[in-house]
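The residues making up each chain are set out below.
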Amino acid sequence: MIELQGTLETRNPIPFSGRFIGDLHFTHKDVPILIIGHHILYGKVVTLEKPYGILVKDAEVTDRAPGAGQTSYTIRAVIRKKLLFKTRPKPIIANVPKKV
Amino acid sequence: MEIVNKRTLDEIDSVLEFAKLGRDEIKSVTQSIYFSEQLDSEGIKLLELDTAVLTALENGERVIIRGDKEDSAVLCTESETFEVKLGEVSNALLIVPDMTLGSELTDTLLPSIQYQQVNSVMHTFYELRKMKPRLQKLRSLLEENPYAGQAAEGDVDHQGTKYTFNELLNLVQGSEREIKIALEKMQAIVIDGYWRVLDFDFLVQVMSHLLQLCDENSWLDQGIPIQECLSVLQDIFPRTVIEHVLKNFADKITPATGKDDDEKHMQIDIDYYRLNEDKVCRFFAEQILKHARKFNLSQFLSTWEKSVPDGMKTSVSQLEGIALIDRDSNPEVISYMTVDTLPEEISERFNHLFRIREKWSLPEITPYIKDLTTDKMDVTAMLTKYARASTLNGIKVYNSRKPIS
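Residue numbers (this note's numbering), protein chains in the order written: chain R, 1 to 100; chain V, 101 to 505.
Just to be clear, a hint being listed does not mean it is correct.
Stated by the list, open to error - Just so you have them, the derived chain V footprint on chain R, three or more residues with Cβ under 8 Å:
1. 15 to 28
2. 40 to 53
3. 73 to 82
If you are wondering where the hints come from, they were derived from the structure by calculation, not from laboratory data. Ideal Cβ placement from N, Cα and C applies to all residues, glycine included.
Take the sequences, apply the hints, and build the full model.
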């Protein structure tokens, strides 16, 4: 899981599906760095005090006992850690002349 | 994974350059993250897992979310109940199923790319809050059709719904274990596969037959030999009912270890029950109180004393939880009040109690609030939170924190 402060936006109203978001790097000390658009975000690895279960609804079974109307969920995964990016993104200035 | 225009190392490197992030500062593997083609944030739910729930799931226990349309949802493991609440976050939670943490990355000699996908972006999750199961419904369901004997089962008053354990499980917001404990507490019994409570007058009948039999055979002193008792009474009442009554009003006697004569040895194999004085006296008190609800205290005490079987002694302590004594009124009165008719929700409970009586001492109020204790809050903590303490005639009393409507 990646937790980002704020929301992701696109400049023009285009669908999100399939679009590239950013590059995720890790330093040698395992500090995560996320580069999205013109911003570089530094984050940290957080172990969740209460893990998240990802629940997916199971297909409805209609031939159950009357009055039950049961729906079931399966826990597909348990998320125990997240990358939290809270610090304000640093803007990357493009076209900085290279050092000679 | 179908990704159009896959990102290249060159593109990554040029961004690193702009960001003034040197390759020497980072590990060789970069994860380039895309939104999935099948981005779906509605189809999944995030559920915060309490340790108890996670352990239950890991042990393969059944975890159920229950709730009528009127109730809010609750989640039940086999032994605990949790309220399910929707929580919102202002941050965006991106679910990236195959994301690798830095500590898990194997550093390669040359830079490389892993392509990752965000399947969902979540702004809400469900959190669990442990709660006491909502059991009042259990009682009201069972009271729809109390058992009043086989003969009565066919009559017009006993056509109400009867419930099996599984049906109760579906209708009551509580875990299996908590429901089982509640059923035992309310002295419910299984008859023909259905959970029932005994109609009070019927129970009175059973008890009076039992006591008469005990009296005829001097079993009150010696103890009731269970098989003999059953063989006599099972013509009148179902066996399960008699066993149930013995279980609730008598204690099993452990047979005496082989002492003197051989004759006594023969009897070791017979199970004996001895009627529990406190429980029987309490039952007689209830019989009297149910009829008139409010009594002159001294009249009640003498009627009660006369009603109990010979050899049994009554004591006010046996009335705990079923009667309220008002010693301030003149004459002193006693009224019938049981904890099962009181509101389940804690602040409503206190409001109700303070409406009945302005000031309560600790021994007076404890029987009517102790069913609401949790591991986080005992009786003292509850009183600190929901009542105000003061001293009256040297005794600590509790009253309401706010004006009672």
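Status of each hint after checking the structure:
no. : hint     : verdict
1   : 15 to 28 : holds (count 13)
2   : 40 to 53 : holds (count 6)
3   : 73 to 82 : holds (count 8)
Going through the hint list in order, the structure satisfies each hint without exception.
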